[in-house]
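Visitor: With the sequences and hints as input, model every part of the structure.
Single-letter residue listing:
2 protein chains.
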Amino acid sequence: MDFRTVGILGGGQLGRMIVEAASRLNVKTVILDAANSPAKQINATGDHVEGSFANPEDIEKLAAKCDVLTVEIEHVDVPTLKKLQTTYPDLKIYPSPETIALIQDKFTQKEHLIKNGIAVAESIAIENATEQSLAAVGAKFGYPYMLKSRTLAYDGRGNFVVKSKDSIPQALQELHNRPLYAEKWAPFAKELAVMIVRAVDGKVFSYPTAETIHQDNICHTCFAPARVPDSVQLRAKLLAENAIKSFPGCGIFGVEMFYLDNGELLINEIAPRPHNSGHYTINACVTSQFEAHVRAVLELPLPRNFSTMATYDTNAIMLNILGDKETKDGELQICERALRTPGTSVYLYGKESRPKRKMGHINIVGSSMTECERKLSYLLGESKDNGSSSAADRLAPVIPGISQKPLVGVIMGSDSDLPVMSQACNILNQFDVPYEVTIVSAHRTPHRMSRYSIEAADRGLKVIIAGAGGAAHLPGMVAAMTPLPVIGVPVKGSTLDGVDSLHSIVQMPRGIPVATVAINNSTNAALLAIRMIGSSNSSYLRKMQEFLLKQEEEVLEKAGKIETIGYQSYLDQK
Amino acid sequence: MDFRTVGILGGGQLGRMIVEAASRLNVKTVILDAANSPAKQINATGDHVEGSFANPEDIEKLAAKCDVLTVEIEHVDVPTLKKLQTTYPDLKIYPSPETIALIQDKFTQKEHLIKNGIAVAESIAIENATEQSLAAVGAKFGYPYMLKSRTLAYDGRGNFVVKSKDSIPQALQELHNRPLYAEKWAPFAKELAVMIVRAVDGKVFSYPTAETIHQDNICHTCFAPARVPDSVQLRAKLLAENAIKSFPGCGIFGVEMFYLDNGELLINEIAPRPHNSGHYTINACVTSQFEAHVRAVLELPLPRNFSTMATYDTNAIMLNILGDKETKDGELQICERALRTPGTSVYLYGKESRPKRKMGHINIVGSSMTECERKLSYLLGESKDNGSSSAADRLAPVIPGISQKPLVGVIMGSDSDLPVMSQACNILNQFDVPYEVTIVSAHRTPHRMSRYSIEAADRGLKVIIAGAGGAAHLPGMVAAMTPLPVIGVPVKGSTLDGVDSLHSIVQMPRGIPVATVAINNSTNAALLAIRMIGSSNSSYLRKMQEFLLKQEEEVLEKAGKIETIGYQSYLDQK
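Which chain is which? The protein sequence lines are A and B, in order.
Residue numbers are given in UniProt numbering: position 226 of the first sequence equals residue 226, and the series is strictly consecutive.
Residue numbers are given in UniProt numbering: position 275 of the second sequence equals residue 275, and the series is strictly consecutive.
Honestly, I wouldn't trust all of these hints.
Copies of the same chain are indistinguishable here, so a pair counts whether it falls within one copy or spans any two.
Lysine-lysine pairs mimicking DSSO-like chemistry, simulated, CA-CA at most 30 Å apart [stated by the list, open to error]:
#1 K115 <-> K384
#2 K550 <-> K82
#3 K543 <-> K405
#4 K65 <-> K328
#5 K163 <-> K356
#6 K405 <-> K83
#7 K163 <-> K558
#8 K351 <-> K61
#9 K163 <-> K543
#10 K351 <-> K65
The set of hints was computed from the structure by calculation and includes no laboratory data.
Guide: Next comes the structure, spelled out in structure tokens:
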């Protein structure tokens, strides 16, 4: 794709996944890190540099071999990078040394963000850390507050929660010799993270807002999109985009933020590189964070007219695989369960197993977050259901001969509606659509109706067909309790010719629609359900197109017959 | 994932992609092939064997280094593999040497398939190729017929079309010294291919039936699923599964077949390894063919209760990138266009560019085959539309301020319906759903209506909302010409209170449903459209859930007010 060589400072798992993405594009990479580091294992160039991304001489050795320099870690030697800009004027360094310098000192990072009008937690630098100065912070911010190392802090290392005045001596002991700052406690409801790609022209592209869950200060899982209202997702995305617009250079950035109990969003910190909270993008986005980074630093195109990297249906959970605390390689049991689970991919980094070490991650995708969560709980050994059989197996009636994972629910107020409603089932059989069928009465089983309606979407149903007669309340009541589309079939009763049912079903108030079909015409209800599913499932769409053609042919055949034998013989033959 | 080493005979692009999949699972691989072959480039083990997969000594060297032996090509030395089974009784060889032997001689392969009741083209072995014996074949099969080398034939090499008796001397010249067989001409409509994974217990898992297009005897593109009726896809899948069940051992198999003009399916040939027609699986399936192969030969789990590797919406096109015939590396122009196109991934194999050489491939995915085909034609330089702007830009009215790619079409029979129908637009705006709005009259613009209906699905619309009054024909007529769901809004006219419109819209005949809402209630039509889209788009589903909650809160607030201030004051304040 490109004949330039990309040098990478650091060869851990992030470097490894950058190399994988680069190799797919046939872009040559060379790594600076220890021998046999994860990134070097999958790159046989033989031209790697053995050493450290913090050592000026090693960095210079790497620079001599490449056209573009990038990082998988921000704790690199910035003065050397700045010097290289003069020594090798043609060498591109992305993220730019200025950006790395702004970010690697977390207090400088905060000052930069504040200067650019970006919301961050209130902080003060601590020039001279003594019991006195830390008590003064306590007096200003209240307890608890965070004491943080300005540099070289990650996965909880370099951070200390000062719970009260009494814990100050311990804080000083743990963080002595480090440059420090204090941060006001942010009472957050959730931690969010947004990956942003910045192109060299300053244009930014964002990934979906994700939600990270930490355990023992290490990222445990990441949910994308975050399980917060859309408006919060959008605000998080804008906050992240604005933050990254303020940094020079290009590449991928991870923006971590707090979503406070009061609804506020504050940036916690920024990483100028691929980030653990973006690993899900390999399976759930248009372009992975790693490929996006390679393309950005090489100034290769990113998709045009396109401002988000989400697919139209991104639902993903990333689970970090940490070295088992008791048995070496014990974590591989989770991976084995993952292999048994559809829609689940395992990524291992080629490291030796050590307790709590990040050994790899698992990406789970599904058609809903609930489905992903079910698979997660199977991977974690909390349930025996790996998502290949659905919750419907447990909650819904099982119909012999049809799939265990219904897409359509056919319900009716009474078994007297079954002769009419069974025509819908015939059509669903004919189109091979998995469905379930049962009785749910609005007036006689109101609680069953509520439960059915509330659980329908989570169980994986896509459409509900409800038939009812007389004062037909079922379709409208179900529609009031589910966000799914509900199709109403007016069933003709013994009086009023079904007009009572029709009007009861169709004349819903503004706010709660019911898709009403003709009186007694449950055939059309099923065909409508299939059209709805087909609008995002091309196989059913094709089947519907074929069905329409077949109907047309049947009529044309009859027309031909009338034209050939004459209308009278036609009538006689009927 | 596993501590065994997998040795691969052959290090071309198939080996490279096997290695990539193995590395993700941290499975060690060693390659037998020339130095710096594509697979070796991404594997720094240092333990590779330099040599040929046809050379017994080299194969033995590789076997000494590994626990499992597999192939990326079937033209390997089988007697050596059989010998290794005795020398190294613990070494697993998959696909089994017996299977490779059966397959690498195409005539033996055919005989094996026939013995197992699998449909193949009629063939005869040619023991002694002379003008006379070939003329005898012509007399038996008619002309043209295929003369094929039994071994070492691929990408058209080793095949000759005997067009008439006169071309026999040329055939003999081109294929002399090869073991030959003749095949009756198969007048095929399409070439199909199905990838099958066979687990060690004999269970098979199939990928979607794909359609391959060849140019100059080399695979050009592959469409998955194949653009044939579902029944043909299913028959192809069953034929492929039955064929693979007949071979011992495990691993992935590519099954190529002809779909004849008369509807018959005949197996053309089988490859006991990943196959060019399965490259699309990297982006469009639950597990790629390469990972499936690694897992099968290591006897690692494949997903349980699960018989297909398709996702619920697999739509993909694979385009091979062949070395440009005129300019070295000229093929990279196609790759650059691919980078500009959302949903398109580039895979380059690390080979030096030579005319017509397979340099890489591009996978295109989309929510419909039409969308993929549009992107393909952009990649091939045939169009300027890369799918990021939709065909809707050219065909449909552009609404200022809303997206260029509408999901909902709002149409009405007359501008007098606009006051009613505009409420639907307000709701769509509120939910941020891209839509288009225009006038389409069933009675005054019947041809425009036909065109609108026929093109709607291909333009990317998911739902059509049609409003009409009086003898309201528009919703039903549109529904008759599109497989998409159509929502009908009865618009109240000057007489009959809208009951005329309601009955005209709702009382459709069996076969063509219209989702009817209440008279004049286009608000509900839009809400219903959003529910339909939401059933397969979790973001809209969540929004609908929030909307229902908000409605509930509003009513509860009013209820609270009545309870607090009393009903009379409430009425007075209104």
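Visitor: For every hint, state whether the structure bears it out.
Guide: Hint check results:
| no. | hint | in the structure |
| --- | --- | --- |
| 1 | K115 <-> K384 | neither (52 Å within a copy, 43 Å between copies) |
| 2 | K550 <-> K82 | neither (71 Å within a copy, 54 Å between copies) |
| 3 | K543 <-> K405 | both (20 Å within a copy, 24 Å between copies) |
| 4 | K65 <-> K328 | between (38 Å within a copy, 25 Å between copies) |
| 5 | K163 <-> K356 | within (26 Å within a copy, 69 Å between copies) |
| 6 | K405 <-> K83 | neither (62 Å within a copy, 48 Å between copies) |
| 7 | K163 <-> K558 | neither (85 Å within a copy, 45 Å between copies) |
| 8 | K351 <-> K61 | both (25 Å within a copy, 27 Å between copies) |
| 9 | K163 <-> K543 | neither (64 Å within a copy, 40 Å between copies) |
| 10 | K351 <-> K65 | both (26 Å within a copy, 21 Å between copies) |
The structure fails to meet hints 1, 2, 6, 7 and 9 from the earlier list, while all remaining hints are met.
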